[in-house]
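As given, the protein sequences belong to chains A and B, one line each in that order.
For what it's worth, my numbering labels the leading residue of the first sequence as 1, then goes sequentially.
For what it's worth, my numbering labels the leading residue of the second sequence as 582, then goes sequentially.
All the pointers check out, no bait thrown in.
Simulated restraints, written as ranges between beta carbons of each label pair:
hint, chain 1, residue 1, chain 2, residue 2, range
1, A, G390, B, A715, 54 to 60 Å
2, A, R377, B, Q706, 41 to 47 Å
3, A, L10, B, E673, 54 to 60 Å
4, B, D645, A, G390, 29 to 35 Å
5, A, N388, B, Q706, 38 to 44 Å
6, B, D681, A, A545, 41 to 47 Å
It is worth saying that the hints were derived from the structure and are not from the lab.
As the structure is a prediction and not an experimental result, all values here were calculated from the model.
A virtual CB, placed ideally from N, CA and C, is assigned to each residue, including glycine.
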Amino acid sequence: MSDVHYYHGLAKSMMFTIVLVSFTPLMLITLIAGYQYSVAYKEKIVDHLREIVLKHDQSVDSYLEEKVAELQVLADVEGVLSFRNEESLVRLHSALVRRHGGDFVDLGLVNSKGIQVAYSGPFKLQEANYTEAEWFKAVKKRQVYVSDVFLGLRGVPHFIIALRLEADGQEWVLRTTLDFIAFNKLVEDIRIGETGMAFIINREGEFQTTPRRDMTAEVPFLRQLASGMHLNTGLVRGRATMVTAVNPSTGRDTIFVTSLIKNGDWLMVYQQDESDAFSALNQARNLATVVLLLGGIGIAVMAYLMSKRMARKVEMSDLEKEMMNEQVIETGKLASVGELAAGIAHEINNPVAIMVEEAGWIQDLLDEGLGVDDNNREVQRALTQIRNQGIRCKDITHKLLSFARKIDPTVKPVFLNELVQEIVDLCEQRSKFASVHIETSLSGSIPQVAASPSELQQVFLNLINNAIDAMEPGGGNLDIKTRNDDGMVMVSIEDTGCGIPKANLQRIFDPFFTTKAVGKGTGLGLSIIYGIVNKMGGEITVKSAVGKGSIFSIRLPTACSAGLEPEKDKPVGDPNSDSLV
Amino acid sequence: MPATILLIDDEQGFVDTMAKRLGKRGLTVSTAYGGEEGLKLLDNDRAIDVVVLDVKMPGINGIDVLKTIKAAHPLVEVIMLTGHATVESAIEGMKFGAFDYMLKPCDMEDLISKVGEAYEKKDAQETKIIEARARHIELRRGD
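One chain only, chain A, in its complex shape (with noise of 0.2 Å):
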């Protein structure tokens, strides 16, 4: 129990587990929240572009929408005449930019050959040829048309809205250009976070609005887009669709979000990086990871620093338990000194009132006088008497002493016969008023034991006590063997008493199993020699009938395979040493 590697091994497992319980629930909570809300934001997201360009998209078609109808009305009301007026329509446009501010830039009417014969704006183009201008191709074969973004004749970016009239069998094409600049505006504000913007490209892949930023890197990839778009049947107005494809330009990521406006001609786009429009996911799992990786750390300094000092606990109250145990065995010894005290103290007390009596005697001998009779003889006679009880007594207390010294848990090497004898002979007297006739057989070719003697002792002193009391009252035979077997020396002592029943044999080794009454055992004598017999290698084992006896079993390790050198000073027993006691 005190290596010290099983406690490194008690804290090490202590750790891990401390480790696992805690960390588990916590990796598995952030793992599963984590996912679940970066699927929500995610959508949530998406959603909240795609609404974006819907909207706007919705306010450019109506934008243009409105405009063409204004001019459809003007047309409707004015008709081709006050056009053809410089004056009239001078006044019509100036009315037109007070009302709108600065949308309608000019407005001008073309002949059916492309000239313009009435004009009303900032620049001077009266008389200018729009034969080979393709809006005016194109407003032939429909009623109204709305260009592209081009420079034209003036060299400047800007978008007209066509209208064909027809007056007196005459063609007529009422043309006005839009403010581009109050055109981008309206797709220019769509900024979200630092990358997020806004565009619209045509077919060819042309920017119909300036974008934030120089885009022309990414133009052959958003034209790519734009005929993929076409080509998608599925797309329908009033729908926008997302694509995540890595940007050409800035090798990130990046969310284009399109939809189709002005009846598919133009493409409205939003792009933005993914790591921008995520950016708030992308915190909060950094926030996640870090406090994931504080708290790991710290459930690990925690785990090492608790296991530790659990461990050491536990280390401490073993070793607390070990110096009770010991303490126990001592108090254990101290007790069954005590059952020896009553048979001792008879022992003791027996020469004791001879020799009182002999003093006495020899008292009445002098008041006598030592001449009369043989009273010389018989004082004589009465020392003899008196030294040789006294040495009975010496005898005793020796016995006595040499037991109840400290007890001295070293192994070392015992010539177990000799002990046995030890003891038998210090249960002698007990034995002999419970009317016990102990029997001893003790093989003389035993090799010695590893063993405490002192411990051993008590072992001896306590199974013999017991099987006293086992054959109280009326006595019996206490057998004691020793003998070789295999490789181990086997005690066994054997009682004709009255036998443990079958419930309490499973517990007799138990601390504080006792059958006696209270006050009369403590309940430790078992066990104890269990502890002992079991810390120096050896095993106890009983067998027991109610009514006719028990024997408990000692099998100890010899000297040799302890790897002690044995004492060659004492001889190893008698050869025929088969004694009867």
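Since the structure of chain A is already known, use the hints to place chain B on it.
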């Protein structure tokens, strides 16, 4: 007339010396070295008045010897001798009819005076018995 005593103890040296000392003081003393021997002696020798009995003996112990004596010879008085450790059994002995008990080793004068008391008690009892018997005879004849 001094008392006749029987000493019963398993310690031979003790019994012998005690017997010699009591004898010197004019008492008639018989000795026995065990319970059975003592009971046998008592059966054979009707003259014994007081038994001095050791409580703790191998074989039949003192209490059992006492019970047998009281059953077979109710008039014989018994003084128990005991070591300290067996005072309880001596007291128990008095419940079974012992006259008194003494601790070993005992003072000779005390022992003799106790023996004297016990003898007087026995004597008085015997006298009463004789008187009763005489009265009984008188009553039968007193017509």
